[in-house]
Every structure is written in structure tokens, then in C-alpha cells.
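Keeping the supplied structure of chain A fixed, place chain B upon it in accordance with the hints.
First to last, the sequence lines map onto chains A and B. Under this note's numbering, the first residue of the first sequence is numbered 1, with each subsequent residue one higher. Under this note's numbering, the first residue of the second sequence is numbered 1, with each subsequent residue one higher.
If you are wondering where the hints come from, they were derived from the structure by calculation, not from laboratory data. As the structure is a prediction and not an experimental result, all values here were calculated from the model. Glycine included, each C-beta is placed from N, C-alpha and C at the ideal position. It is possible that some hints are incorrect.
What the hints assert, rightly or not - Facing chain A, according to a computed beta carbon distance under 7 Å, are these residues of chain B, among others:
no., residue
1, T170
2, T268
3, I269
4, L305
5, V307
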Amino acid sequence: MTVSSATVSPSSPYAILSVRQLMWRRFRRNRLAVGGVWILLGLYLVSAFAGFVAPYGVRTTHDQFALAPPHGLHFRDADGRFTLRPFVYGLESSVDRSTFRKIFTRVPEETYSVRFLGRGVEYKLWGLIETNRHLFTVEDPGVIFLLGTDRQGRDLFSRILYGSQVSLTVGLLGVLLALVLGTVIGIVAGYFGGLLDSVIQRVIEVLLSFPQIPLWLALATLVPPTWSSIRVYFGLSLVLSIVNWGGLARQVRGMVYALREEDFIRAARYTNCSLARIVLRHLLPNTLSHVLVVATLAIPQMILGETALSFLGLGIRPPMTSWGLLLSEAQHVRVVLQQTWLLIPSAFVILTIICFNFMGDGLRDAADPFSQ
Amino acid sequence: MGAYILRRLLTLVPTVFLITVLGFIIMELPPGDYVDRYILQQQAQGNTGIADQEAMLRVRFGLDKPAAVRFTHWLGAFARGDFGDSLAQNRPVRTIIGERLLLTFVVSFCAFLLSWGIGIPLGIYSATHQYSKGDNFLTVTAFLGLGLPDFLIALIFLVLAWRVSGDVLTGLFSSEFTTASWSWAKFQDLLRHLWIPVLAVILTGTAWVMRVMRGNLLDVLNSNYIQAARARGVPERVVVWKHGVRNALHPLVSALGQTLVWLVNGFTITSIVLDLPTIQTVYLNATLSQDIFLGGTILILIGLLVVIGTFLADILLAWLDPRIRFS
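Excised from the complex, chain A in its bound form:
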């Protein structure tokens, strides 16, 4: 139900606050959305400082500790005394004589305490600052694998952090591209109408009638195998956006089509406003809040798309890594059954997607602050 101006009493918030303030109020009231934003901020922050937070580098291998299960931090030593500084036990690998499988056993005699802000593997923060300080490291010769290691003995926790730099941004980049494409095409179709509009409408209809994943698969095979991983990254976000702009364009077109006949647009046209001014000053601002909501809701889809493509080996390629690529190690059922911890990256995917969905939901309600 919409609140019309006649029914608003002068003391109600609708009369005092600006639309933007009303939106902010509405958004803040949705606790799930606010919580989602905070968690996302945390994830992006950690991802920005991945090199610092990760105890090891993205390619640091520990040959003798391949496929080691997670081994956690301990605050209580063997005698049950509490220590503020956590420590890890030593790990020893041996081969089970009956199954010939590698097993890891904890060595209770060896304890290595965790050092904060210690020195470790060299890395470059944002490709600029060369340093070797890490948030936490462990005394030599101890090792710390909070979430276990992969087949090449690389620390999964560190790799998840480095992978987040790709997984969390490829969706944003894809949405940005889709946003530009969708808005431009939507405004053209909606404002000019006619034959062009009909053609664009049909194309969008076809695009939307195709299920995304088969289409993504087909397009992802187009990325040449010779490309460097950074080019693959951009290629992939392009693939994601090419499939997704249709929905956005259709929404923008609908809104522009309705706005075109509004009095203020007509007034602008009769007072000889240039096309650029009509589009930039009148059409864009009026569609923006709605478009941003649609775009936010498209981000989780794109993150899922990247995960799925990388999982199938059609997405991000080594030496770069992403959550989907990390999960592709768990593609074989036997691996999943024995090394369950290789599924941990999926927890990060799920958390991110749920937070984006909550945020998008909150934004959708806030974009229309007059609804009840």
C-alpha cells in the first residue's frame, strides 16, 4: 500500500524526512540485512589483507604434510593449564601398514606457540608493499593448518583467503559490466521505442529463456586456453555479465518507458533539454535505486556462476585461485569421502551468498520506503 500525500499527518516521519533518510531508516530496521552488510564488510576487509592474515603464501607447499586434516589451536596444555597464547601440537605423518594410506598423528610432546605479527613468507600487499609480517605464524619447525592442507600440502586457510580476492570481486566486476550494458540498452529501448525496442525485447526474451548455466558453460569454453590467469579473470566476468544483462535491461526499459510520458520529462523536452541532460539528470536518477537493487541481487548469482565454472575446470585457472577452483579438488567423490575438509571453501561461498541475499532483500524494501 502506498502512502499518498493527503493521508500523511505533519508529524509522521513521511512528512519530516527526506526520501533518502526514509530509505536509510527502512534499511536499518531490517536486522538481517544490516548483519549481512557487516559480515560482508568483514569478508572484504580480510580479503583485502589476505597476504597479511594468511600464515602462508598462496603457493607455499609443505611436501610432507599433503592432505593433512585441520589441526586446531589449543589453549590448554597437557597438564590442563590455561595459556593465553595459543599453541599447536607437532604433526607426524606415517603410513598405515594395512591400508597404505598416509595418516597424521599428533605429537603431544612437541608444542609450538603461536606468534602474533611474526615474520614469515614474503608477500606483496596490494602488489606494492613488500613485507613478511603476518597476523599470526607459528614457531619453527611447527606448522599451523587451521583448515588442513590440499593434495600438494598447501595450507587451505591461506588459499581460501587468497581465493576470496577472486571470488568476491569477479561477481562485482560482472555486475558492474551487466549494469552498464543493461542500463544503456534499457534506456535506448525504453526511450526511443519503435522497431529497435521490439528487436531488443526479443533478444532479451531469448537470453532470459535460456537457462544460465548451460549458456555460461558454452561461453566459458570460448576463453582461449593460452590466456594468462589475469586475462581469464576478466574474460570470466565478461562471460558472467553477457548472460545477465538481459534482466536488468528489461527492468530499466520498463521504467524508462513509463517515465517517458511523465510531465517532468515532457517539460524537459519542451524546454529544449539535450538528450544527454534528459538521460543523465532525469531518467538515470529515477531508475537508479531500483537498478541497484536488481544488481545487488544479481551478485550472488554471479558468485555462484564463477564457483560452478571454476569447479568444472572452465573458470579461473592456476596459479590464480578461487573458491570454486579450491572446491574442484573435492570433485571426486572418493576425495570428498576421505578428505571432508576440502569442502570447507563451500562454507565461505554459502556465507557470502546468504549475506548478499539478505542485503539485497533489505535494499529492495528500502528502495520503496513508502510501502507498508
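Below, chain B without anything else, positioned relative to chain A:
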């Protein structure tokens, strides 16, 4: 009604044509064609003389003509149901698809029925008990269901099933039943395997159906005629089921086509992870090996299926709701 169907059919024509064009373009886009790949493959196996036969191979596979010519030939044959031969498997595309069609439909149909059968009642419960504990629980579960990638759910179920029963339930049949003819035991074996992919895919679908149903029913229950019915003293049960639910179902009917989309999406990756004998597994392999006729045909068939599904849903909706017929 007849006029409405005719009008709707006419808009279908350009859409269907565009789908075939799009499918063909996508399959044509990869740099290099099947012959290039075939030659590399043969050379790797030590067949050095193969490079001299390149032109001949192109003629043999019909790849020597310009794209437009190939498209018209292909489209003509496509309309007659002749989908060409798979380049990699050297068999008619029709046979390959036919082998997998039945199981694909069985799996998808089960998923469809279950997700609607579960989603609608849950949506009704959610809407009639808005903000209750049950509704909040369902809302959170729905968000989880929408956020979880299908393949992951499948993997998690697989691990759980293995923990409980000790069997690895990939595929649709145990090895001893794969080639066996149909029997009661084989059917039971199918059911034992089927629940993992079906459950994995319907979690997303059910969540979606439930949310749509909840939203629709809430909108309807807030409208004036429902209030009028309540004021007349109509029992609440009748208000909800006869006045509310019936009208809230309309938007779901129009979303039938959308349902097909997520069924295809969901099963694409789940099939690959669980190694199911569905069309989607064939599709992935075809795209990876640039088997253009096979991959293109499946992509187009999927597109057509969705368009036809949407068309039927629109007709059904027009039949249910006269306002649409006469607008």
C-alpha cells in the same frame, strides 16, 4: 481464447528463430574447429600424415562451406528432426539424446512434482502464520536453500549417505543393475540412488516456490475482498483456501517456464558431480570437445523446451484468468 493463442503463437516465431541462431553462433564461436582438434589428437597418437588430409576432412564433416550456408542446411535438417551426427562419437545426435531423454525426464519430473508439492503447502503455512516461529524458521531455511549451490548439497548428501550406509551412491544404478533389464529390484535400486540428486535440486526449487507462494498469498489476504468475506462471517478456512489460495496460485502458473529453467540449471552441475546419465552430462562433454552438432542441439532443445513451457503456462493462465485473455 483462440485469438489469444494465435497472437501468442505469432510472437513465438521470432523467439524460436533467434534461439536457433544463438545456439548455432555459440557453437561456432570457439577459435578453431573440430578438424583442428581432430588433427592434433591424431598427431599426438603418432599419425603424422593426417595434416595433409585437412581439406578432405573438412569436406567430410561439411565444415568447408561458409557459416550461413551451413546454418540453413542445418536448420532445415533440424526442423525435420535430423540433428546431424556427433563429430566426436560418430553417431547420430538423435540416438545419443534419445538414450538419455527418458531418465532426464524422470529425474526432472520427480523434482518438479516434489518441489511444487512441498513448496506450495509450506508457502501457505508461512503466509497464514506470518512472523510466527514456524514462518521465521522457513524463511531462514529458504534463504539457505536459495544460497546453497546444488552441486554442494549433492556432495554433502553423498557424504552423509556414505556415513550412514557405507555405500557411494553416485549414478542412478548400482553397477550390477546398470545393464540389467527392468525389474522390481532395479526399480528399488533406482529409488535408492534417485533421492540424492532430486533432493539436492529441489531444495532450491522448493525454497523459491515457497517464497513466491508466501508473497502472493500475503498480498491476496491483505486485499479488501478478503476483509469483506471475513466481515460476512465466512469461516477462516474457506477464506484462506477458496478466496485466498486460488487467487494466489496465478503468478505461480505464469512461473512454470521459470521452473523449467532452474530444473535445467540445477541438474546441469549436479549431474556432472553425481555422474548421472542425463542429457546435461552429455552437454558438458560436448561443449568441452567442441562437438558442435551435439552441444548446439542440446542447447537449442533446452531453449525451446523453456519457451514452449512458458507458452503453455501463458495459455493456462489465460484460461484461469479471463482478464489476461481480453487485455
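A quick look at each hint next to the structure:
The beta carbon of T170(B) is positioned within 7 Å of a beta carbon in chain A (closest approach about 6 Å), and the interface hint is therefore held. Interface hint at T268(B): satisfied, since its Cβ lies 5 Å from the closest Cβ of chain A, which is below the 7 Å cut-off. Of the supplied interface hints, the one on I269(B) holds, with its beta-carbon coming within about 5 Å of a beta-carbon of chain A, less than 7 Å. Interface restraint check: L305(B) against chain A, minimum CB-CB distance 9 Å, threshold 7 Å, status violated.
Interface restraint check: V307(B) against chain A, minimum CB-CB distance 5 Å, threshold 7 Å, status holds.
The earlier numbered hint that this structure contradicts is number 4, and it is the only one.
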